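> Model the full assembly from the supplied sequences, consistent with the hints where possible.
Residue numbers (the working numbering), protein chains in the order written: chain A, 1 to 274; chain B, 1 to 328.
Rather than coming from a laboratory, the hints here were simulated on the basis of the structure.
If the Cβ cut is set under 10 Å, some of the chain A residues that face chain B in the computed set are:
id: 1; residue: M1
id: 2; residue: G5
id: 3; residue: R222
id: 4; residue: I229
id: 5; residue: V230
id: 6; residue: I259
id: 7; residue: S262
id: 8; residue: N263
id: 9; residue: L269
id: 10; residue: S270
id: 11; residue: K274
Partial list, derived from the structure: chain A residues whose beta carbon lies under 10 Å from chain B:
id: 12; residue: L224
id: 13; residue: Y225
id: 14; residue: Q226
id: 15; residue: G228
id: 16; residue: P266
id: 17; residue: L273
Computed from a predicted model, the values in this text were never measured in an experiment. We put the CB at the ideal spot given by N, CA and C, even for glycine.
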Amino acid sequence: MQNTGSFKLRGIVNTMANLSRTDKETSSGGLVTMSAGNYGRSFAYMCSELGVRAKVVMPLTAPQNRVDIIRSYGVDVEKLPSSEMIARVDRCVAEEGMEFMHPFDDPRLIAGHGSLGLEILEDLPDVDVVVVCCGGGGLLAGIAAALKLSGNEAKIFGVEPEGACTMYLSLKEGRAVSKPDAKSIAGGLAPPFAGKLTYSIVKQHVEKVVLVTDSEIIDAVRTLYQNGIVAEPSGAAALAALRCNKIGDVAGKKVVLTISGSNVSPVELSELLK
Amino acid sequence: MCCSRIALADVKAAGARIRGHVHNTPVMRCSNLDSISNLQLQFKCENFQKTGSFKIRGALNALKLVCQKWAREERRPAVVTHSSGNHAQALAQAARWCGLTAHIVMPHTSPAVKQDAVRAYGGHITLCDPTEKARKEAATQIMQRLEPNAVLIPSSNHIDIIAGQGTLAVEFLEQVPQLDAIVGSIAGGGMMAGICIAAKALKPSIRLIGSEPKNADDCARSLAAGRIIPNASPPVTIADSLAVSVYDIPWPVLKSHLEGVVTVSEEEMVTAMRLVWERMKLVIEPGAACSVAAVLSNQFRALVGPEVKRVGVVLCGGNVDLRPPALD
Chain A
1 MQNTGSFKLR GIVNTMANLS RTDKETSSGG LVTMSAGNYG RSFAYMCSEL GVRAKVVMPL
61 TAPQNRVDII RSYGVDVEKL PSSEMIARVD RCVAEEGMEF MHPFDDPRLI AGHGSLGLEI
121 LEDLPDVDVV VVCCGGGGLL AGIAAALKLS GNEAKIFGVE PEGACTMYLS LKEGRAVSKP
181 DAKSIAGGLA PPFAGKLTYS IVKQHVEKVV LVTDSEIIDA VRTLYQNGIV AEPSGAAALA
241 ALRCNKIGDV AGKKVVLTIS GSNVSPVELS ELLK
Chain B
1 MCCSRIALAD VKAAGARIRG HVHNTPVMRC SNLDSISNLQ LQFKCENFQK TGSFKIRGAL
61 NALKLVCQKW AREERRPAVV THSSGNHAQA LAQAARWCGL TAHIVMPHTS PAVKQDAVRA
121 YGGHITLCDP TEKARKEAAT QIMQRLEPNA VLIPSSNHID IIAGQGTLAV EFLEQVPQLD
181 AIVGSIAGGG MMAGICIAAK ALKPSIRLIG SEPKNADDCA RSLAAGRIIP NASPPVTIAD
241 SLAVSVYDIP WPVLKSHLEG VVTVSEEEMV TAMRLVWERM KLVIEPGAAC SVAAVLSNQF
301 RALVGPEVKR VGVVLCGGNV DLRPPALD
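Structure (structure tokens):
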């Protein structure tokens, strides 16, 4: 129910308030980012609010309605194969003078997302367990840092799709890794690499990253729908993990689940839940 | 039975009876819908209520009173009803909580999600044709079979049901004391009657407006005529929960308290459902979309005039199959 339909705006507002080039007029190139959808959408919204020139580089798999929404904010969209996206962004920075905004591995972004953790503490200071959907790890890192650095002792779990388990693999290998074939119905949870910064924060503060299947995610979407809430697959992963007993013993405990996004149309949802 | 027998005290007693079993549902805002309507809208989210609609309030209140009445008997009664769906689910669940058996007559056109839910709550279903007459006849047959150990609990036409539904207005005014008006959908009239009794007693200046589909506008026509004029034939509307006509117990309350009834088209309800889905991320059924459509309409603005700003809208339920034909 967040403005722009996902938590992404939290981090983006904080990042844009702290841009290295403080005078927007001299930032002739504008801002560029890469995103499958929700980050791009919130990014486009803020760029439009601030009157900043911007471009979003999107994978070929991005749904047309996401592209249309971003363009409707007056932001440029380029669709490319995933393997070419980073190179394109590099050229925007080097040749067009654009400033790159990383969709998750940016301390200002992570701090902004951490506001969600602070809100949890306001509502439920004696929370026992927090379960957070994990894509690049920005939200997970932000919430974990907010809680732990506030001195809270709640256990924090991240949830990734089995087919896009970059953070899970990173924790196993002791460094941020990439998984070029990362794939899931939960597109927002499937960037092909874990962030270096997000990995280091997750390693320090998160209990465990658990995995769920795409069909477990879809069941969770259905459950939320039946309880009156529209959630996109990426947003339902935390519930999926809890329902499928991946989180361990939570009987009688105070558990907070993030429903991180709801950007899914009625038609998309019908297809999913067929 | 006259509706002047229900007072705020009955509603408050109902509140005490059902507290802890039903949710005090949240009230939500939406800046998008505020700018479309040029109003300050407050949405009471009964789509989040136990069993997915407000009906559990009345059902549980009624059954707790049944248990009280039968406490000294050795046998427990079965409870019987006929319902398009939401009351059926609510009664089945309330019966399970109270240790009673529920026999539910449902029209075969009830959405699958509602029929499945009734079964899951332990209710015994008998399907019938989608007419008032068929529903009543089937329920009567079951009553005859189970008498004397059976109690009929209708979906709206019962003072304990109406008192239970009124608890939602008590909460609403506690949550948003500055409401200028409350808008709610009308089928049998139980919900709005309960809201009228409670809200007027708590805030006499409050304005109360009903909403109905144009295709099921018996209350609007009845108010205009000053007497009950039921829908002539089973209404054809996506708002399956609003098909029945106003009953005789709620009627006098609605007649004396409602300022008017706004009627909306099928398209307006679909638009409202889509807006609530897309902007508020809430799943609501067409019966609830009816109230949203009403406050977005010119009819509403013309009815209440410019002084009304803070409008409470009851999102009465969220029990909808994923593929209602309209959203395709």
